[in-house]
Each structure stands twice: as structure tokens, then as C-alpha cells.
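> Protein chains in written order, with the working numbering: chain A, 1 to 314; chain B, 1001 to 1103.
No lab work stands behind these hints: they were computed from the structure.
Source: prediction; values computed, not measured.
Any given hint could turn out to be false.
[To be verified] Simulated crosslink set (DSSO-like; lysine-lysine; CA at most 30 Å straight-line): (1) LYS135/A <-> LYS240/A; (2) LYS240/A <-> LYS31/A; (3) LYS135/A <-> LYS1023/B; (4) LYS135/A <-> LYS167/A; (5) LYS167/A <-> LYS1023/B; (6) LYS45/A <-> LYS22/A.
[To be verified] So these bits of chain B aren't anywhere near chain A, every CB distance computed over 12 Å: (7) GLN1007; (8) ALA1012; (9) PHE1014; (10) GLU1016; (11) VAL1040; (12) GLU1049; (13) ILE1050; (14) GLU1076; (15) LEU1079; (16) ALA1083.
From the three backbone atoms N, C-alpha and C, an ideal C-beta is built for every residue, glycine too.
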Amino acid sequence: MQYKDYYEVLGVARGAEAEAVKRAYRKLARKYHPDVSKEKNAESKFKEVQEAYEVLRDPEKRAAYDQLGQGHAAGQDFRPPPDWGAGFEFSGAGAGDSAAYSDFFESLFGARARSGSGNGRGAFHPGRGEDHHAKVLLDLDATLRGGARQLTLRVPEIDAEGRLVSKERVLNVQVPKGILAGQHIRLAGQGARVPGEGTPGDLFIEVEFLPHSLYRADGRDLYLDLPVAPWEAALGATVKTPTPAGTVDLKIPAGSHAGGKLRLKGRGIPAAPPGDLYVVLQIALPAAGDEKAKAAYAALAAALPFNPRANLGV
Amino acid sequence: MSSSEDQALAGAIFEETALLTVKDLSRMCAVDERHIVEFVEEGVLSVVEIDTAEWHFTGAALRRARLALRLERDLELNLAGVALALELMEELHALRRELHTRR
């Protein structure tokens, strides 16, 4: 197990006042919070910061942690001394999440020291297990066609020693056709179980989509970039275009321009009501690779008085 | 189809059917009902106008309430701060969408 330098994580001195610890935490939390951060590894970074704060904000835990001494470097192999924790009682209050903290934290303070969310819930809803929440990244085809997917979820669980650990759970789930990013698949009875006669909670799986090779999803609508030749855009044409339901013939109106959008109603995500598919035109230029092509471009230039920079005043 | 498909757990799209009460949201989010009421009072959650005495929410309120709770707890924000953060996040999201669909 590796020693963790919680002061270093928060970037404060060992003797830092409680106020300074709080300020440092809040600043880092805003920077790395997975809901607001675009930083890489925001989630793991945030967990580290949260764990450090959980210890340093609490005078009892902080005193105990300080007592470990300063002879350890971050990342160094570490075993807690045998008499460790004697004389301290960790009550724990405040921040906490259902995801597991590091082994280092758990070995020092134990799972019961953490102030979890939800443990007091039995008081509101006796006899019913907690609802669990998870988030998954699905391929877009899962919603376009529906179908079974193996989902690997991390769920909090209490192990045999009564410690809260994060376990992998693999579920085979029928993805409902037409589900949108940000929506949830609800699996009744797949949440926490309760001993005895109680009803188990539900499992809510929030869905997000992986990037797709052709389509970009925006709510229930899809966007597709469709390259067309300059003469197809200028003269109009009927071209083949992929859609989630299969290839269709699409009429390109004469005088189309790059960036022009054509809407295929109801060809988006098959939700209720279904979304639309927007085909965004891109003009693809043939390469002037050989003499014949060069001659064709030259003939076009000679035939058309055309200044593409007219709007720039030059 | 394959046998794995037969055994797959079937789930419904929660947002399509759900109309939630304060009690439902409180259970799903593991917070006091009072907390949900405060979210409504601060404009973090909005209630659906239907003809009953009890408050109702659309299924989308679940995601919003959970996000609000995470911000409140993890960033140590007060309710007004949460409401402001949510509004700014929505604006950011709308701008990103525009960028993304124009590309």
C-alpha cells in the first residue's frame, strides 16, 4: 500500500489552518469536479482531492494522520503501525461518496469512518433497499437498433468485513431502442438488497454515447457530414446517403453551398417522437492530378468570372 | 437472436414514463423530502403543472436533482450557488451544442 501525502494533494503546508485547507479544497474541487471539469482524469483527480479533504478537514482524522509522522514520502510503501488509531475515535462528517477511497485511507480510517451518503435513508423509507446509480458509455448503434449489451458497472458494496468497497458488476442489459444521452435505463429490483422481506431498490443507468464514425447525436437529432462534388452542389443531383435505417437517395437542390443542411424528418434517433437526420453538405474538390483534370479546371476558370473573395473587399 | 439476448435484463427508458412525486425523488436521490422542496423553492427544479394538489416532476428532474446534490456537496455551494452553476452549465451546454452541430 502506498503512503499518501494529503497535504501535497491539496497543495497546503503541514501547519495550514483549517480555513486554508477549505479554500484549497474548494478551488481544486471546482477545477476537477467531473460535472464541470474538462481536465483529463478529472474524476480520479477529484477523488484524490476529496479523500485528502475528508482527512484534513476533520480535526480527529487530521491529528491521527499527522501522528503517522513526516518520515514518509508520497507513493512510498506503507504499513500502519500496530498500535495505530488507539485513542482516536473517528466519527466522520461531511463530504462523502459511495465510491471507494484508496486502500491507504480505508486501512487508516476504515469504511465506517467515511460519512457515506444514503446510510441514513432507511429512516425515510424503511424496508426498501437503496436505489443504485451508474453511468455507461454506449455505442450509438445501441439506441438506433436496440439490443443487448454487456455493461460493466462499478457499484458500492459492503464486503464480508463490513467495509465499503467498489465492485465490478457485469450485467447483460437490453438497451431500449430510442434512448437519448442523459436518459436512464431503469432496472427494477437491481439496486441494493435488504435483509428479510424488504423490496430491493432499483438500478438507474445513465446513458452517454461514444463518438460514432458517421453521425453526431444532439438530443434526438443526428448530424451527418455528406461530401458532394462541386457540380452536384451547383447543378443539383440525387446522391446516395447513409441513414441509420439504411441507404437512401437524397435530392441535392441546385445552388447548394457548403454547410447547407438538409433535413430528413424522422430519420434521427428512433425515440418517441423520432428525431431528424440533418445532412450537412461539404463540397469535395477533385484533385487536379493529371493533365485532363488540370485542363478541366482551366476551362472552368476561363468560362466563369468568379471571385470567391468578393465579400472580403479584395 | 442469440441466447444472450433472451437472458438480457429488460429495462425501460425511465424519462419516458416517469412522473415523479417529491417522495419518489427523495428516495431516488437519497435525501430528505425537505431538500427536494428547497430545490423547487430555489428554482433548481421545476414542477409540472397538472391538476393535483401534489407536486409532480418529469423524469428529467432525477438527473438534475442528482447533479445539483453533487455540486452542493462536493463544491460546498449554497442553494443559490447551485442554481447559478446549473444555469451557467446549461448555457455552456447550449453553446457547445451549437458549435458541435455547425462543425
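> Please go over all the hints and tell whether each is borne out by the structure.
Status of each hint after checking the structure:
no., hint, verdict
1, LYS135/A <-> LYS240/A, "violated, 36 Å"
2, LYS240/A <-> LYS31/A, "violated, 46 Å"
3, LYS135/A <-> LYS1023/B, "holds, 23 Å"
4, LYS135/A <-> LYS167/A, "holds, 14 Å"
5, LYS167/A <-> LYS1023/B, "holds, 29 Å"
6, LYS45/A <-> LYS22/A, "holds, 17 Å"
7, GLN1007, "violated, 6 Å"
8, ALA1012, "violated, 6 Å"
9, PHE1014, "violated, 4 Å"
10, GLU1016, "violated, 7 Å"
11, VAL1040, "holds, 18 Å"
12, GLU1049, "holds, 21 Å"
13, ILE1050, "holds, 20 Å"
14, GLU1076, "violated, 6 Å"
15, LEU1079, "holds, 16 Å"
16, ALA1083, "holds, 15 Å"
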